[in-house]
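Enquirer: Join these two chains into a complex; the hints should help.
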Amino acid sequence: MKPTNLTKDQIQKIALSALGFVALIYCYFNFFLGPLNKSRASMMVSIANLQSKTASSKAEMKKTANLEIQAKEATGRYEALKATTADGAPIAWFPPKMRAFFADQGINKVTARLESSADFKQKELSDWIKDTWAIDLPQSEYGDLGRAIAELENSEPLLTIQHVVIHAVPDDPQYQQTSLIAQTALLKK
Amino acid sequence: MPLQLNLLHEEITQERQRKRDPLKLGIIALSFFGALLFLYYGWNAYRTIQIKGRLNAAEREWQGTEPKVTAAQKRATELRQIIDSTKVLNGLIEDRFYWAPFLAQVSHCVAPNLQVTSLDGSIVEGRHAVAIALEGLAAAREPRAAAEEFRQLLAEQLEKNYGEVKVIFRNLEDLDTPVNLSGVSTPSARFILSVTFNPKPGDTGKTEETANAVAKSK
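Those protein sequence lines, which keep their order, are chains D and F. Here our numbering is used: the first residue of the first sequence is 150, the next is one more, and so on. Here our numbering is used: the first residue of the second sequence is 162, the next is one more, and so on.
With the rest of the complex left out, here is chain F (with noise of 0.2 Å):
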């Protein structure tokens, strides 16, 4: 077997000893690492712009779209004001008493041996009634009986369009001086009326109601 001799051994040691320097190898990892981590930074920042852009989209269409809400909220606002105004404008509207018909029943209910004098009528707030004063005079053989003859007609006609329905005397007294009807000295009285109704109709077609549907469960 040849005998080798190595000559260069100090110079092989210290080139391993360069090759296997740890702080070389830490700093060549570290570089190999740090590279890694660049790279994901990279990736993460690459979806961050995306979402950046996104954002940018988003606050755009929402800037569209704000002042349009805006007024549009301003609107529903508004338009729910109206709706509720015109409501209770409408309840007040409805809710009104019609003076025209029932001067007109009155007038109906007159006869010619009738005249009435005065009329004072008025709304009951928060009652939901009229209260009407009668006054006038009434002349016939029993101009008493007149009177009362006029009360029921009217209590008959009121009855019709409206509830709750009182005609009463308050009061009615005979007058000592005749008056003179179509050229006859008739004796007269004079009478004041007390007329109080509840302008809605009377609840008939609710009774009826619930009388067929009593009927109809039996």
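Looking at chain D on its own, in the form it has when it is part of the complex (with noise of 0.2 Å):
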């Protein structure tokens, strides 16, 4: 092959095109292609992180559909034990339904007094508080004191009787003086 002579003014024109097509490529990396590439791979992460997010929040929410179900009896049974705090101040309403509950059953004159109040250790009842109440109950029939009680312990859940102080009245030996010490599991409101 014949080797071609190159004139100086035609080294200096391909040097100025090698030059031109370099500058060409890097421009067309650096200021074009790269970015898009790089927004291209960000917002596909962003669709991959958004994605997944969406799958497992509709895991969650039928996770939280299947918890509604199970936890349907909880729920009832929750509501129920709610509902045995009256609105209000326990003190206004708690001995006012003492008496109202054991006139019912025959015993009168009793009177309810709030002995201590305190929070519950169990971070589980940390809406709910425990009430320690002084119920006297100055005169009834065995019996019927009797009867009482299990009605009481039947119809209130949230109520244990921690001590019982049951005296014959001296000048009449078929009645009974009694003090009770009851704990109540209130909502605090």
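Treat the hints with care, since some could be wrong.
What the hints assert, rightly or not - The list that follows gives simulated cross-link-like pairs (lysine to aspartate or glutamate, EDC-like), each with its CA atoms no further than 20 Å apart:
(1) K338/D x E300/D
(2) K157/D x E176/F
(3) K221/D x E239/F
(4) K361/F x E286/F
(5) K207/D x E239/F
(6) K337/D x D293/D
Quick caveat, the hints were computed from the structure, so don't treat them as lab data.
Expert: Written out as structure tokens, the structure is:
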């Protein structure tokens, strides 16, 4: 092959063309294709994240729906237990409630007073308060008292009698004088 | 052979040189290459636009799902709290000691010649035990025997329903003054009984199960 003799001018032009080629490649990859690819890659990552978030959210919603079914009984029970707490301060409604309850059982002149109030140790019961009440029944027959206590224990699931003191009334041995210390779990309102 | 004269020699050479101009060729090559790169860029841009569309769709879907999932998470937390609270409350309810059956048992054990004058009972917190002090009077020819009979009967009856039953005398003393029992003057004794028991029945069932298991293994 015959070697081509290039003039100085031609060599300069070739060098200029090569420079232009390099500049083109550099600009193309750095200012056009590079950012485009970068933005596409970041969008792909965002799509993957969103899709995984959406999928896990859907799974979570399904789990919640299942939990709702499972918790139906517990929810009903909880609502019933919540309903045992009346509106207002317990000191305002609990003593009259006890008075009315025992009056229905044939035991009159019942008084109830709040002894103490404290939070439960269990963190699950942070919405509940433990009140301790002293209930005095100045005069009652033993049979009536037993029936009343049975009825109280059955109708008030969140009431626990901690202490019972029964004394015979000296002048009238047919009757007893009774003091109860009862603990109630009441919803904080 | 005829003689040929090229009178345009210089012009042809110039024309050839113009055609072989490296700058011109370079510009043509660059333009061609640039066009290829532009097409490739266009293709990439098209794909990017498509992906942008997918991203927008995913974002729209997430925006629709997010409030629902936030509500679902809140509800799930609430439900878990309700379940846990109900479990603890049920535990409190189930662990209660019912006094009415105990009072009924005491009354069934009291014979006509016996009078319980005082009952002081309380739940010993943390020990799952109930402690009761019973004070009374027993009247009979042998008042101490009558009191002992009451103690034994009470222990026997309580053992049917409760575990670890202990019924012991804290005090038993004869009284100097006899009492009138159905018109008859009868000697009497004053007693104080200490009753303790575990509200949960004894592990008799468990013992039977263990015995059965042992018998089967043999």
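Enquirer: Taking the hints in turn, state whether each one holds.
Expert: A quick look at each hint next to the structure:
A hinted pair counts as satisfied when its Cα atoms are at most 20 Å apart, and K338/D with E300/D does not qualify at roughly 26 Å. Of the supplied pair hints, the one linking K157/D and E176/F holds, its CA atoms being roughly 19 Å apart against a limit of 20 Å. Note on K221/D and E239/F: the hinted pairing holds, with a Cα-Cα distance of about 13 Å set against a maximum of 20 Å. For the given pair, K361/F sits about 14 Å from E286/F by alpha-carbon distance, which is consistent with the 20 Å threshold.
The hinted pair formed by K207/D and E239/F meets the criterion: a straight-line CA distance of about 18 Å does not exceed 20 Å. About 33 Å separates the Cα atoms of K337/D and D293/D, which puts this hinted pair outside 20 Å; it is violated.
Checked against the numbered hints given earlier, this structure breaks hints 1 and 6; the rest are met.
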